[in-house]
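> Listed below, chain by chain, are the residues.
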Amino acid sequence: MSTPLSPSSPPDHSQPDWDAISRDVDFKALVSRKLKLVVPATIFFVVYYFALPVGVGWFPDFMKQKVWGNLNIAYLFALSQFFMAWVLAFIYVVAAAGWDRREHALLAKFGFNSRD
Amino acid sequence: MNFLISTIAAPVDHTALWMFLAFVAATLVITYFSARRSTGASAYFAAGRRITGWQNGLAVAGDYMSAASFLGIAGMIAMNGYDGFLYSVGFLVAYLTVLFVVAEPLRNAGKYTMADVLAYRLSPRPVRAAASLSTLTVSIFYMIAQMVGAGVLVRQLIPGVSYEVAVVGVGVLMVVYVVFGGMLATTWVQIIKAVLLMTGSAFLTVLVLREYQFDIGKFFSSLAAIPSTGPNGEKVVRDFLTPGLIFKNPWDQISLGMALLFGTAGLPHILIRFYTVPDAKTARASVVWAMIIIGLFYIMTTFFGFGAASLMGPDYVQAHGGTNMAAPELARKLGGEVFFAFISAVAFATILAVVAGLTISASTSFAHDFFTNVIHHGKEHQPGAEVRVARITAFVVGAAAIVIAILLGPGVNVAFLVGLAFAVAASANLPVLVFSIFWRRFNTSGAVTGLSVGLVSSIALILVSPDIMKENALFPLKNPALVSIPIGFIAAILGTLLSKEVPSKEKFTELQVRANTGLGAEKATEH
Chain L
8 MSTPLSPSSP
18 PDHSQPDWDA
28 ISRDVDFKAL
38 VSRKLKLVVP
48 ATIFFVVYYF
58 ALPVGVGWFP
68 DFMKQKVWGN
78 LNIAYLFALS
88 QFFMAWVLAF
98 IYVVAAAGWD
108 RREHALLAKF
118 GFNSRD
Chain X
70 MNFLISTIAA
80 PVDHTALWMF
90 LAFVAATLVI
100 TYFSARRSTG
110 ASAYFAAGRR
120 ITGWQNGLAV
130 AGDYMSAASF
140 LGIAGMIAMN
150 GYDGFLYSVG
160 FLVAYLTVLF
170 VVAEPLRNAG
180 KYTMADVLAY
190 RLSPRPVRAA
200 ASLSTLTVSI
210 FYMIAQMVGA
220 GVLVRQLIPG
230 VSYEVAVVGV
240 GVLMVVYVVF
250 GGMLATTWVQ
260 IIKAVLLMTG
270 SAFLTVLVLR
280 EYQFDIGKFF
290 SSLAAIPSTG
300 PNGEKVVRDF
310 LTPGLIFKNP
320 WDQISLGMAL
330 LFGTAGLPHI
340 LIRFYTVPDA
350 KTARASVVWA
360 MIIIGLFYIM
370 TTFFGFGAAS
380 LMGPDYVQAH
390 GGTNMAAPEL
400 ARKLGGEVFF
410 AFISAVAFAT
420 ILAVVAGLTI
430 SASTSFAHDF
440 FTNVIHHGKE
450 HQPGAEVRVA
460 RITAFVVGAA
470 AIVIAILLGP
480 GVNVAFLVGL
490 AFAVAASANL
500 PVLVFSIFWR
510 RFNTSGAVTG
520 LSVGLVSSIA
530 LILVSPDIMK
540 ENALFPLKNP
550 ALVSIPIGFI
560 AAILGTLLSK
570 EVPSKEKFTE
580 LQVRANTGLG
590 AEKATEH
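Keeping their order, the protein sequence lines are chains L and X.
For the working numbering, count along the first sequence from 1 and bump the result up by 7.
For the working numbering, count along the second sequence from 1 and bump the result up by 69.
If you're looking for bench data, these hints aren't it; they were derived computationally from the structure.
Where hints are given, some of them may not hold.
[To be verified] No more than 25 angstroms apart at the CA atoms, straight line, and that leaves these computed lysine to any residue pairs for SDA-like: (1) K576(X) with P67(L); (2) K592(X) with H111(L); (3) K592(X) with G62(L); (4) K317(X) with D26(L); (5) K592(X) with A112(L); (6) K71(L) with V305(X); (7) K576(X) with N120(L); (8) K73(L) with A58(L); (9) K287(X) with A27(L); (10) K574(X) with L37(L); (11) K350(X) with R109(L); (12) K592(X) with Q72(L); (13) K576(X) with A112(L); (14) K180(X) with L202(X); (15) K73(L) with V45(L); (16) K350(X) with D24(L); (17) K317(X) with G62(L); (18) K35(L) with A112(L); (19) K317(X) with V54(L); (20) K350(X) with Q72(L); (21) K539(X) with K592(X); (22) K287(X) with I368(X); (23) K574(X) with V305(X); (24) K71(L) with A294(X); (25) K71(L) with Y55(L); (26) K317(X) with M538(X); (27) K287(X) with Q72(L); (28) K576(X) with R109(L); (29) K592(X) with K71(L); (30) K116(L) with D26(L); (31) K592(X) with P67(L); (32) K317(X) with P67(L); (33) K592(X) with V305(X); (34) K116(L) with E591(X); (35) K41(L) with M538(X); (36) K592(X) with V54(L); (37) K71(L) with Y281(X); (38) K180(X) with Q22(L); (39) K73(L) with G286(X).
Could you put together the complete structure from these sequences and hints?
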């Protein structure tokens, strides 16, 4: 983290050149990196989630099959949704730490720090 | 079954009341100190943006896990097994939408409300008016559901407290927290509630598993044949891990799932929590903390829900206060009166934290979106007016919620109000949030059309649903999301394309840079 702003400095001490930043190659790379993770991950979790109500709703005989003791596919699949959510959140956080570094480098290029 | 209920004949026990009063006393002390620190709009509306990641994660969880989740889902599992678990999965998975799509752009580009992001590059007054209407609808309907639930529960949990006294008590407390303590006090009420709820749930889970010598296999085997009495008095034996014991129409499940998955990211009281942290990175961390807590909570709910089914049985639960009392009764059976009192106090704390969150989201939206930005064109006409209006709104909203909850009475079915809150959030709020962040062509007409059509179609479909019209329902599903979400998106698209208005290209560029880099985002207040 960079040095904090002093409380006296006005919030918009220099209006950033939004257009220049948006056309910067590093900014475009940052946005496309985010989308490359977020779009497929979103499609994945939506499909994975709705597979559960579709499964128990229309394929109950398959979902009722016992896997271990009295535990059936329906229960284990529902439980797996929690781990799916946690794993995707973990992947996102790890990727986002990389985006943060790129973001700092990008802002530094335009003379800002991450506190601006 | 008399041998099971012999302990109830004991003199009226006030432990629950004392535990609850201890919680109230602690939260009032916090409110007192928050009020002393709370100066200025950023302090009042956003706790000075100085809440840390794990604190906000707990507060998001505390804002979200309602008494319906705690008592309702545990009760559903206790009565009918697996399908109750199906209900809770969507509550957690929904946070991926929050994490991936809204939390960081919202924190980077907004100030106090969801409408800040919507109004950024569109014509602010119509967009804010529509967003404020949708926020107030979601918050107030959800709040009334919670208040009625609170009245019914407290009457059962704390002997000698009537429905009306409980409703007034909850209403007065939530107004005190929000009017005097603002977001800081609300946040700490939610954090304490989340800690209490997780502690109580963990303890109850351990007590259940102890009955099976901590053998998970044995625990699940006990669910294979649960005896109960059917509606016509016949004896039935069911495997409680079998799906389909409650939900007969799969489309209902799909529709509910859509409302949860896309509604959570549009719930105003959850969204404004991300303004209380210093930056987008902390907002992200707080979603992850919330997901860990909420996920663990719902997994534990299955243990004490199934535990209640197996150790007490549906007939016993039905005879001892009904579905909502399954978890407290299980606590009484396994941990005695003191633990019953603790779980009861936790349930009350749960309701209080949620209604406080809803009150502050409604009052913030009215003061910031409607009063300051719609009526006064974004300029505070006198210093401190925005906070003063928010305090008055909180008072009015609280008073109205008390009156409405008492008029509706304890017998009213409020489940549909919660469904409505999620459906409106998913059908009105989420489409315009997504389009305003990602769609360059999106304009004011699209936002206003999307918000109002999403809002109206959700309400209209609920009014003709089986929850309201019973067997004569014109619309077959309990939750309108399956139809109203596509309507919300299509309305936002058509509203945009049919209008000649050309949105500001510069403002979209600025929003893109702000949302993705956090440049120019609202800062935490200095010490």
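> All the hints need checking, so say for each whether the structure fits it.
Tested hints:
no.: 1; hint: K576(X) with P67(L); result: violated, 51 angstroms
no.: 2; hint: K592(X) with H111(L); result: holds, 17 angstroms
no.: 3; hint: K592(X) with G62(L); result: violated, 47 angstroms
no.: 4; hint: K317(X) with D26(L); result: violated, 54 angstroms
no.: 5; hint: K592(X) with A112(L); result: holds, 20 angstroms
no.: 6; hint: K71(L) with V305(X); result: holds, 19 angstroms
no.: 7; hint: K576(X) with N120(L); result: holds, 22 angstroms
no.: 8; hint: K73(L) with A58(L); result: holds, 18 angstroms
no.: 9; hint: K287(X) with A27(L); result: violated, 64 angstroms
no.: 10; hint: K574(X) with L37(L); result: holds, 20 angstroms
no.: 11; hint: K350(X) with R109(L); result: holds, 13 angstroms
no.: 12; hint: K592(X) with Q72(L); result: violated, 54 angstroms
no.: 13; hint: K576(X) with A112(L); result: holds, 24 angstroms
no.: 14; hint: K180(X) with L202(X); result: holds, 18 angstroms
no.: 15; hint: K73(L) with V45(L); result: violated, 35 angstroms
no.: 16; hint: K350(X) with D24(L); result: holds, 23 angstroms
no.: 17; hint: K317(X) with G62(L); result: holds, 13 angstroms
no.: 18; hint: K35(L) with A112(L); result: holds, 13 angstroms
no.: 19; hint: K317(X) with V54(L); result: holds, 22 angstroms
no.: 20; hint: K350(X) with Q72(L); result: violated, 43 angstroms
no.: 21; hint: K539(X) with K592(X); result: violated, 51 angstroms
no.: 22; hint: K287(X) with I368(X); result: holds, 18 angstroms
no.: 23; hint: K574(X) with V305(X); result: violated, 66 angstroms
no.: 24; hint: K71(L) with A294(X); result: holds, 14 angstroms
no.: 25; hint: K71(L) with Y55(L); result: holds, 18 angstroms
no.: 26; hint: K317(X) with M538(X); result: holds, 19 angstroms
no.: 27; hint: K287(X) with Q72(L); result: holds, 18 angstroms
no.: 28; hint: K576(X) with R109(L); result: holds, 23 angstroms
no.: 29; hint: K592(X) with K71(L); result: violated, 53 angstroms
no.: 30; hint: K116(L) with D26(L); result: holds, 14 angstroms
no.: 31; hint: K592(X) with P67(L); result: violated, 52 angstroms
no.: 32; hint: K317(X) with P67(L); result: holds, 11 angstroms
no.: 33; hint: K592(X) with V305(X); result: violated, 61 angstroms
no.: 34; hint: K116(L) with E591(X); result: holds, 21 angstroms
no.: 35; hint: K41(L) with M538(X); result: violated, 46 angstroms
no.: 36; hint: K592(X) with V54(L); result: violated, 38 angstroms
no.: 37; hint: K71(L) with Y281(X); result: holds, 24 angstroms
no.: 38; hint: K180(X) with Q22(L); result: holds, 18 angstroms
no.: 39; hint: K73(L) with G286(X); result: holds, 13 angstroms
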